[in-house]
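Engineer: Residue strings, one per chain:
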Amino acid sequence: MLIDKKRVKRNKALDKFFRGFFMAMAILSSSFIVIIVLFVCAKGISPFLPGYEYGQVDLISFLTGSIYRQDQGIYGVGFIIINTLISAFLALVISFPLSVLTALFIAKIAPKKLSAAMQSVVELLAAVPSVVYGVFASGVITGVVEWIASLFGITTFGGSSLLAVVLLLAIMIFPTLTSMSITAIRAVDPNLEQASLALGATKTQTNFKICLTAAKSGIFAGAILGLGRAYGEATAVAMVAGNKLFGPTFNPFDITRTLTSTMLAGLKETTGLDYDIRFSVGLVLIVVIFFSNWILNMVKKRIGRNSVA
Amino acid sequence: MNRLVKDNILKGITYIASALSVIVLAAILWYLVSNGLSLISSDLIVGDYYATTENAAISNDYIYDESAIGEYTGEGYYSAKWGIALEDITTAHNDEEISVVYVDPNSPFMHMNSLVSGEDGMALSLTEGSSIQNIYYLDEAGETVFLSRVKMADAQNTIAVLDANATGIVSINYESIGGGIRGSIFATLYLIGISLLISLPIGISSAIYLHEYASKNKINSLIRQGIDTLTGVPSIVYGLMGVTVLFPVTQLAGATSTSILLGGLTLAIMLLPTIIRSTEEALIVVPQSLRDGSLSLGATKSQTIFKVVLPCAVNGILTGVLLGIGRVIGESAALVYTTSTVINDNPTILSQGTSLSLMIWSIMSGEQPNYELASAISLIILVIVFAINFIVKIIGKRLAKSFV
Amino acid sequence: METCFDVKNIDLFYGDKQALKDVNMEIYKNRVTAFIGPSGCGKSTFIRCLNRMNDLIEGCKVSGEIIKDGLDIYSPKQDIVDLRTRVGMVFQKPNPFPMSIYDNIAYGPRCQGLKDKKKLDEIVTTSLKQVALYDEVADRLGDSAIGLSGGQQQRLCIARCIAMSPEVILMDEPTSALDPISTSKIEDLCLELKKDYTIVIVTHNMQQAARISDYTAFFLLGEVVEMDETDTIFSHPKDKRTENYITGRFG
Amino acid sequence: MKKLFSLLVVALLAVSLVACSSPTTDDQGGDTTQGTSEIHVYTRDSSSGTREAFEDAIGLGKGELTDAASETSSNGDMATKVGEDTAGIGYVSLSTDFEANNVKPLQFEGVEASTDTVLDGSYAMQRPFNYVTRAAGDYESDDKEQLVAAFIAYITESEEGMAVVESEGGIVDYTNARPWAEVAAEYPVLEQDNSGITIRTAGSTSVEGAISAALAAFQPLAGNVQYAMNQSGSGDGWKRVLGEEKDGANAADIGFASRPFEAEEDVSGAMASGSFCQDAVVVIVEASNALENLTAAQVKDIYSGAITDFGSLE
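In order, the protein sequence lines correspond to chains A, B, C and D. Read in order, the letters of the first sequence are residues 1 to 309 in my numbering. Read in order, the letters of the second sequence are residues 1 to 404 in my numbering. Read in order, the letters of the third sequence are residues 1 to 251 in my numbering. Read in order, the letters of the fourth sequence are residues 1 to 314 in my numbering.
Derived from the structure by calculation, the hints contain no laboratory data. It should be emphasised that the depicted structure is a prediction, and the values quoted were computed from it without experimental measurement. Be careful, since some hints might not be right.
Partial list, derived from the structure: chain C residues whose beta carbon lies under 8 Å from chain B [what the hints assert, rightly or not]:
{"hint": "1", "residue": "MET53"}
{"hint": "2", "residue": "ARG84"}
{"hint": "3", "residue": "ASN95"}
{"hint": "4", "residue": "PRO98"}
{"hint": "5", "residue": "GLY108"}
{"hint": "6", "residue": "CYS111"}
{"hint": "7", "residue": "ARG160"}
{"hint": "8", "residue": "CYS161"}
{"hint": "9", "residue": "MET164"}
Restricting the straight-line Cα-Cα distance to at most 27 Å, the calculated cross-link-like pairs of lysine-lysine (DSSO-like) are [as the list claims (entries may be wrong)]:
{"hint": "10", "chain 1": "C", "residue 1": "LYS118", "chain 2": "A", "residue 2": "LYS12"}
{"hint": "11", "chain 1": "B", "residue 1": "LYS6", "chain 2": "A", "residue 2": "LYS112"}
{"hint": "12", "chain 1": "C", "residue 1": "LYS119", "chain 2": "B", "residue 2": "LYS301"}
{"hint": "13", "chain 1": "C", "residue 1": "LYS29", "chain 2": "C", "residue 2": "LYS195"}
{"hint": "14", "chain 1": "A", "residue 1": "LYS16", "chain 2": "C", "residue 2": "LYS61"}
{"hint": "15", "chain 1": "A", "residue 1": "LYS9", "chain 2": "C", "residue 2": "LYS119"}
{"hint": "16", "chain 1": "C", "residue 1": "LYS129", "chain 2": "C", "residue 2": "LYS117"}
{"hint": "17", "chain 1": "B", "residue 1": "LYS6", "chain 2": "A", "residue 2": "LYS203"}
{"hint": "18", "chain 1": "A", "residue 1": "LYS9", "chain 2": "C", "residue 2": "LYS115"}
{"hint": "19", "chain 1": "C", "residue 1": "LYS119", "chain 2": "C", "residue 2": "LYS129"}
{"hint": "20", "chain 1": "C", "residue 1": "LYS8", "chain 2": "C", "residue 2": "LYS61"}
The C-beta atom is built at its ideal place from N, Cα and C for all residues, glycine as well.
Just chain A, with the same shape it has in the complex:
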C-alpha cells in the first residue's frame, strides 16, 4: 500500500488549516464593509444627534431639502439625490444599448481579427484612469455640449451641465457594461445557437433572439455594476458638474450637483460641520447605491428567469 500514515495525518491537518484560513480571509474581507459602514455612520450621523458641537442639523430637512449652501448653513441633499439618480440613469440609458450592441458585435458578429482589435479597444477604455476622463471631459465634452446648446440658442455655463455629466458617465461605464456583456454572451451554450440555426433562423436572428435573450441575466448584472460606478464616480464628475446650489436639475444644459461632487467641493480647506456633513452625504450615497442595487437585483431575478448566463 502506498499510504504513508504520517504524511496522511499531516495532510489532514493542513486541509483543516486551509479551510480555517480561507474562511478567516473571507470573514476578514467582508468585515471591512462593517468597518467602513460603522466609520461612515459614526461620522455621518453625528450632525443629526443632539449635542453636536457645531449645532444639530435636522435630519428630515437634510434628506428632503432642495438647497445646499454652506455659507447659509443650509444643507439639503434631497435634490442632490434626485440629480445623482437622474445623471446615473440617463448615462445608463445611453450607454446600455451601445455597449450591448458592441458586445454582440465583438462576441458574435465581427470577424476574428476585428473582434480582437475591438476587445482591446474596450480594454483600453477600461484602463483609462477616471481623472483622465475628467481631463478629457472638461477639455472636449464641455465644448461639444456648448456647441449643441448653441444650436438651440442657449448659453451654458461653459459646457458644464447635466448633459456633460451624463455623457461623461456614459463613456465611463461603457467598458464595464461591454465587457460584462461580452462575458455573458460568450457563456451562452453553443447548442442553443445551433438549435436556432437548425430551425432555419439566420445567424443575425439567432444572435439577437437567442444569444441576447439567453445572456440577459449577465448583461443585466453588468448594468448594475455600471450604474454603481456611475453613482460613485467622483473626481471626473466634479470637473464638469458645475455644482449648482439648489435643484433639482432637469434641464440637460443647466449645471447640476451630484452627491460625489458635493463631497469633493472645497474638501481640502474645510472644517467643522461642513466637513462632517460630507460623511453624511457619503452615507446617503451608500444607501442610494444599496437600494438601487437591491431593486435592480429584484428586477434581474424576474427578467433572468429563463436565462442561462
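Place chains B, C and D on chain A using the hints.
Structural biologist: Here is chains B, C and D on its own, set in the frame of chain A:
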C-alpha cells in the same frame, strides 16, 4: 421586409455602436496626444520634481578677459561680453523661465565657487539647461546691483542689461529645471505592489472559501453580501476610512504621517471585491469533473484546490490582477487622504508621495489647471497600463501553455 | 466469495426529493457488478454513495449502512479521504487534469506524500501498461493529457485510478462518451482488471452489462428491482419490469 | 429583451427630444429672449479665501449669494470656465494669466488692478497673504528658530526675497527693502551647514507657489536648510503652529493664511506674524464682453441675484 435586409440593418447597427466606442477612444487619445505629447521628454519622465538651487560667486582667481570669450551662433540671445546664451522657455508646469543654452569655456560663469555654507566653496560651473533666478553684477560705479528675476523679464532683456550695464559679475543664483515625475512613477509602482501583495492572498482565499467551501447558510450569505456591498462604496469613502482606521496600523510599521503604505493598504481593501469577483468567476469555469476526479483519487480538498483548481483558474485570476492594477493606477480620490499630494522624488514605503493619477488630480484642481501636463502624464499612465497588460497577458499565456 | 460492500437499507434524499429507496445489496470482491436502469433511476447516485462522492452535493442526506471491511463507511469513524484512496472512481466523461500524462498518473500518489522519483516512475509505467496505454504514449509522457483522444483519455483516467492501487474501481458510464473501438478496449480492460480489483460499473448499454459483468442490478425509480447473476437477469428475470426493460419495451 | 431594447431606444429619443426642445429654464424669472445677456454667476466654494476676500470687498453678506451661482473648485477652474462662457462673470487672483484663459479683467470702482493701485490702496478688492510662526522658544532647536526668523526677514525685508515673491505673482512693496547681504549679516546661523534642519510650513494653498519659490531660493543662502510644505488650507495655518495641532503629527514652523487671521486665531504669542505680500482679486468676464468697469454695488447686485442680465448694467 426582406429577411436579408433586416439582418443587414441589425448587423449595421452593431457596427455603428462599435464604431462609436472606437471614436470615443480615438478622441481621448487624440486629445491627450495633441495636448500632452510635446511635453513628454526624458527629463519629464526620469527627472527630479524639485529643482536644486545653486548660489555661486565668481572665483577669486578668475581674471576676466573679454577678448578670450569666443563666438556663438546657435539659438538664443548671446552675450559676447560674458560668454553666455539665454532663451525663454515654458516648463511643463507652465512656469516661464530663462534658460541657459550655452556657456563659453572662458566665461566667468564657468569659474565659480559655491556660496552655500557647508559646501566649503566647492567649484561650480553654470550648466546648460539650468534656469537663472537672479544675478548680482557690478555697474560702472563699481556698485553691486541686484538683478532680480522680475527685473530680468526675459532672455533678451537680461542679455541687454548685462551687456550694457555690467562691468563684472559677482554671483548668480540658478536652478535645475525640475518638474520630473520619476518619483511619482515609483510611488505608483509601490502602490501597485503593496496593494496586490495584500489583496491577492486575502481576495483569492476569500473567493476560494465562498466558491469551494461555503455552504448556503446565513453566515455565508452575510459574508457574500458584505463583499458585494464593498463594490458599491465610493472610493472617496475608502480614503476617509483609510486615514482614520488604517493609520494606526501603519503607525505600528513606523509611519509618522500619511504614507504610501497607508495608501497601499487602503487600495488593497478597495481591490478586494474586484479580485474576489474575478477569482470566483474563474473558479466557476473550472469543471466540477476535475474536482471529482481529484477527490476520488484520495486527494484532500486543499490538495485538490492547490494542485488542480487554482492552476486551471490562473488566467481568470490574472484578469482580476489586471483589473486591480488598472484601478490602482487610476485611483485618485481614495489617495488624496492616504498618501497625501506631496510630490516625493525618492519615495519610500513609509514616506509620503503621490501617484501619477493623484498628481493629475492635484494639477487639475490646483490654482491653475494645467491641461497640457495633465495630458502628458495621462499618456504616460496609459503607456504604463499597456505595458503591464501586455506583460501580464504574456505571463498568462505562458502559464496556460504549461497547463493545457 | 468475499463481500466487498454490504449495503443495508440505503435511503438518499436531495433536499426533499428521495432519490434512493431502501437499497440493499451485496457487492462481491474481484467481480464485476453492473448497474442498469433507465435515466434518473438512481444508479449513478448509488455508485457515488460507495465512495461518498455524494458528500459534495449540497442538501444530500443519506441514511442506512454500507459496510466495508466491517465498518460502515457513513459512520463518523470512517475517514473519507482514506476511503477514496481505497475506492477509486472513473467518470462518465474522461476528466484528465490539464497537466502532463505523467503528472496525471503521479497525482494521486503525490497527494499521499510519495516523492521518490524512482517509485513514481515505476507506478506510472505499470499503471499505463495495465491499461494498455503505455505503448501508445511511452515517448510523450511529458505532453499534456488534453491532447489524447477520448478513448486514450478514459484509459488514462483508469490508469490514474489504478496508480493508487485501490481495492475497488467504480465506473460511472465510462464508455458512454466513446466510440465502439475505444469502448471495446475499455471492456477488455475491465475483464482484465477484475483479477486484481473489484469493479462496479454503471451502464446504459445492456449488451455491455451482459458482456462484462458477473452480477447485474436493475434500478428503477430509486429502487433495486432485481439483483442477481448477470446470466440469470438476462435469461430469466424474476420481475416483470426487469423483463420489459431488458427486452426494450420501455426505457 | 426586444421590448427592453425598444423601451431604451424610446427613452433615448425622449431624452434627446427634451434636450432639444427645452430652453434654459429661467431661474430668476428674468428675460431670456436675448440668450447671451443673461448672466452666469461663478463663485468659489465657501471655504475659499479668495471668495471671502471678494465678498468682503463688495459687501456681500454671508448667505446673500444668489442660488443661481455655479461653484468652481479653484482659481484656474474659475478662469477657465468664465473664459468659455460668454455670459459668465467670476473673480480671480491678479496673478492669473487672463489672456491664456480668454478672460478680461474689469476695473473695480473705476480703478484698474495693478501693483501700484493695490499698494496705494486705491484698488479696494485686495487681501493680504499672512504668516505666523511658532512662539519664541517653542522650536526644536535655537538654530531652527534663527533660520525661521531669517526666512521671514528674507521674504519681508530683503529685495531678493521680495523679488521671488513678486515673480510668483505676489504684490510687494519695495519701499523699505534692503539688500539681502545686509539682512543676512544679522543672522549668523546662515553661515553654517544647516542641511540637517527642516523648516515645515502649513496653511493656505494660495501661497504655495510664492513660498515654495522663496524657500527654494532661500535654501542655498541658508546652508542648504531643508523644507517640507504641507499646505492644506488657510484654516490649518494658525492651528498647526499655535493652535491645537501645534504638537501633532502635522505640526509646522510657519503657518500661512490667504486672509487676515480671525479673532479666535490669536497671533500675539507668535515669534513673528504679519503679511508678506498683497493679492488683488479681479472681477473677470469672457474676453469678448463689452463691459469695462463695475462698481461694488453692481457686483453685489449681480452676485445677490438682483441683476440677472448684462443689459441692465448700462
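Engineer: Next step is simple, just say for each hint if it's right about the structure.
Structural biologist: Now the hints, each set against the structure:
no. : hint                  : in the structure
1   : MET53                 : holds (6 Å)
2   : ARG84                 : holds (5 Å)
3   : ASN95                 : holds (4 Å)
4   : PRO98                 : holds (5 Å)
5   : GLY108                : holds (4 Å)
6   : CYS111                : holds (4 Å)
7   : ARG160                : holds (7 Å)
8   : CYS161                : holds (7 Å)
9   : MET164                : holds (6 Å)
10  : LYS118(C) x LYS12(A)  : holds (26 Å)
11  : LYS6(B) x LYS112(A)   : holds (23 Å)
12  : LYS119(C) x LYS301(B) : holds (25 Å)
13  : LYS29(C) x LYS195(C)  : holds (10 Å)
14  : LYS16(A) x LYS61(C)   : holds (23 Å)
15  : LYS9(A) x LYS119(C)   : holds (21 Å)
16  : LYS129(C) x LYS117(C) : holds (18 Å)
17  : LYS6(B) x LYS203(A)   : holds (12 Å)
18  : LYS9(A) x LYS115(C)   : holds (16 Å)
19  : LYS119(C) x LYS129(C) : holds (15 Å)
20  : LYS8(C) x LYS61(C)    : holds (15 Å)
The structure is consistent with each of the numbered hints, conforming to all of them.
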